[in-house]
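J.: Chains as they are written, first to last, in my numbering: chain A, 1 to 290; chain B, 1 to 277.
Note that these hints are calculated values from the structure, not bench results.
Treat the hints with caution; some may be incorrect.
Straight-line C-alpha distance at most 25 angstroms; calculated SDA-like pairs for lysine to any residue [claimed, not checked]:
(1) K283/A to P222/B
(2) K260/A to I131/B
(3) K40/B to K260/A
Here are a few chain A residues that sit away from chain B, every Cβ distance over 10 angstroms (derived from the structure) [unchecked claim]:
(4) F80
(5) S98
(6) T135
(7) L153
(8) S187
(9) E191
(10) Y206
(11) A217
(12) I221
(13) E232
(14) T251
(15) S265
(16) F272
(17) I276
Source: prediction; values computed, not measured.
Ideal Cβ placement from N, Cα and C applies to all residues, glycine included.
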Amino acid sequence: MLANLSYRAQRVVIIVSFSLIPILLLITFGYVPVLGMFRYAFTDWNGLSPDYNWVGFDNFRTIFTDKKYYEGFINSIYYFAGSFVQLAIALYFATILSFAVRGRNFFKGVLFFPSMINSVAVGLIFLFFFRPEGTLDTILGFFGIANPPKWLLNPDIINVSLVGASIWRYLGFNFILLLGAISSVPSDLYEAAEIDGANRWHQFKYIILPSIRRIVAITLILSISGSVAPFEIPYIMTGGSNGSNTFVITTVKTTFSYSKYGLGSAMAVVLFLIVILVTAIQKLVIKEEK
Amino acid sequence: MYRLKYASATTFKYLTLIVGVFCALAPLVVVVFASFKTSKEYLNSSALAPPSDWFNFDNYRTAFVKGHMLTGFKNTLIIMVTALVGNMLVGTMIAYVLQRFAFKGRGIIMSLFLFAALIPGVTTQVITFKIINALELFNTMGSAILLYMGTDIIGIYIFIQFMDNISTQLDESAMLDGASYFTIFAKIIFPLLAPAIITMMIIKGIGIYNDFYIPFLYMPDPSLRTISTSLFAFKGPFGSHWETICAAVMLIIIPTAVVFVALQKWIYNGFMQGAVK
């Protein structure tokens with residue numbers, strides 16, 4: 001049918017018909033939610049009733065003055081610190097596995113595999129791992145540590161435990177990206193350096209690190225925005241109890257459990273602005289690198 | 001002296017690798033152990049002790065039947081296949097239009113997709129929820145299918161990049177034979193995109209299989225549980241029956257492990273391509 005039309009007419013038909021659905025999906029689930037979020041952030045809408053009142057900046061005032069709401073940001077510090085630990089470990093393993101190592105593929109696979117696992121499964125695996133007299137306590141027992149803390153009940157430790165589980169989950173992903181970046185460093189650079197008497201540390205510092213600076217910067221910045229928004233692991237493991245609330249958990253609960261859609265939207269706006277800001281910084285940094 | 005230093009560096013390297021492997025596997029291995037233990041054995045043995053009977057599949061049976069995991073697998077499969085087919089069609093179609101034709105508005109569409117990729121998905125669920133409700137898709141598989149189909153834009157970039165390397169001479173010679181643009185897309189471009197499509201399907205597929213947020217928010221109905229939400233439901237009723245929970249966890253990890261071993265290379269490449277964009 002199409003073939004009977006001229007190519008000029010066909011061109012119009014194909015452009016319109018092929019982009020209609022993608023653009024409709026993009027607008028419905030990409031842009032309308034963002035606009036709606038900004039609108040409801042200034043209201044006291046409860047999600048059900050057809051009418052609501054404009055409340056100005058009240059919702060934002062609540063978020064930054066009521067500890068219940070900003071507590072999540074304090075806990076983000078743990079996740080932020082954890083992302084540095086994660087990056088350091090990932091970088092270490094990526095570096096040593098980019099050279100000849102016996103069983104390289106085995107190590108690569110094992111270190112990466114956890115990031116493929118279903119998030120609910122990861123949550124349950126670590127609930128099991130941290131149980132009193134569970135895996136971790138038994139292992140510590142071998143080293144003579146008799147009275148380990150209550151990993152998921154003690155508010156002073158719970159975030160460290162959860163960050164540990166998150167590192168386990170996301171390390172492999174970081175690792176494989178860095179490994180990919182390091183493998184693209186031309187190998188004659190190492191050979192030349194070796195002839196000049198450079199050792200492994202020198203090679204890392206003067207060859208590897210400068211060539212993967214960009215991807216390290218991306219990873220770091222992504223982890224900043226990631227540490228604002230941890231949800232799955234803490235929600236599945238503790239539901240945000242015992243002081244393990246994150247900002248996203250509070251947002252989800254405020255909106256869907258307590259039906260404060262206005263306040264929830266305001267929280268989403270705050271999160272949105274942070275992520276946009278961080279992304280803007282990322283783009284700037286990367287541009288400078290080039 | 002140098003040799004000694006070199007030898008100790010090698011030892012250190014393998015030592016850290018072994019510690020790394022231990023940390024990566026220990027949490028999983030104990031789950032495997034527990035999944036084969038009877039409840040009595042579980043209560044009376046150390047977490048690190050292997051099970052006495054490696055062929056005790058009772059927990060697996062309990063988890064599978066009482067945890068309604070068949071429903072979960074079935075729902076996940078339906079959602080995954082439908083969303084993937086839709087996502088690939090939508091993605092390749094828009095990529096074809098954007099890469100092969102220069103038209104007014106092309107730049108605008110590109111930047112619309114580009115900017116949308118920056119919008120953090122978690123933050124907008126409050127309103128997305130309302131839209132899903134208005135479309136009367138709440139508590140239907142349609143909600144998840146539609147959301148998985150539309151949200152991911154990274155694929156478009158990968159498709160466009162791949163298409164840059166498909167010579168336009170192919171299109172032109174087909175046009176000499178009188179092929180329509182649609183025929184060119186369906187018979188030439190789409191088949192040639194196969195490697196990119198497979199990569200994207202693996203990455204998207206893993207994402208859908210592992211996603212918790214969307215089924216949890218949009219499909220609370222127990223008969224619509226996916227594997228993530230049916231596993232999450234084990235937390236309550238099976239509370240202290242860790243041997244059953246561990247079997248359920250294993251049931252979900254085994255397919256992932258099989259896919260990983262079979263498709264390793266594709267997975268590594270796919271994740272790298274997807275992330276650098």
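J.: Now, for every hint given, state plainly whether the structure supports it.
T.: Status of the hints after comparison with the structure:
At roughly 43 angstroms between alpha-carbon atoms, K283/A and P222/B are farther apart than 25 angstroms, so this suggested pair is violated. For the hint pairing K260/A with I131/B, the CA-to-CA distance comes to about 17 angstroms; that is within 25 angstroms, so the pair holds. Note on K40/B and K260/A: the hinted pairing is violated, with a Cα-Cα distance of about 46 angstroms set against a maximum of 25 angstroms. With a least CB separation of 17 angstroms from chain B, F80/A remains clear of the 10 angstroms interface cut-off, as annotated.
S98/A, annotated as away from the interface, keeps every beta carbon of chain B farther than 10 angstroms; the closest lies near 12 angstroms. Not every CB of chain B is more than 10 angstroms from the CB of T135/A (nearest about 5 angstroms), against its label as outside the interface. Distance check on L153/A: its Cβ is at least 16 angstroms (rounded) from any Cβ of chain B, clearing the 10 angstroms threshold; non-interface status holds. In this structure S187/A is separated from chain B by more than 10 angstroms, as the shortest Cβ-Cβ distance comes to about 19 angstroms.
Separation of E191/A from chain B is adequate, the least Cβ-Cβ distance of about 17 angstroms exceeding the 10 angstroms criterion. Here Y206/A stays apart from chain B, with its beta-carbon at least about 18 angstroms from theirs, past the 10 angstroms limit. Distance check for A217/A against chain B: the nearest CB is about 13 angstroms away, which clears 10 angstroms, and the non-interface claim stands. Once the 10 angstroms rule is applied to beta carbons, I221/A is consistent with being away from chain B; the minimum gap is 13 angstroms.
Taking the minimum C-beta to C-beta distance to chain B, about 6 angstroms, the non-interface status of E232/A is violated against the 10 angstroms cut. Distance check for T251/A against chain B: the nearest CB is about 8 angstroms away, which does not clear 10 angstroms, and the non-interface claim fails. At the 10 angstroms boundary, the C-beta of S265/A falls inside the reach of chain B, the nearest C-beta of that chain being 5 angstroms off. Not every CB of chain B lies more than 10 angstroms from the CB of F272/A, the least distance being 5 angstroms, so the non-interface label is violated.
Not every CB of chain B is more than 10 angstroms from the CB of I276/A (nearest about 7 angstroms), against its label as outside the interface.
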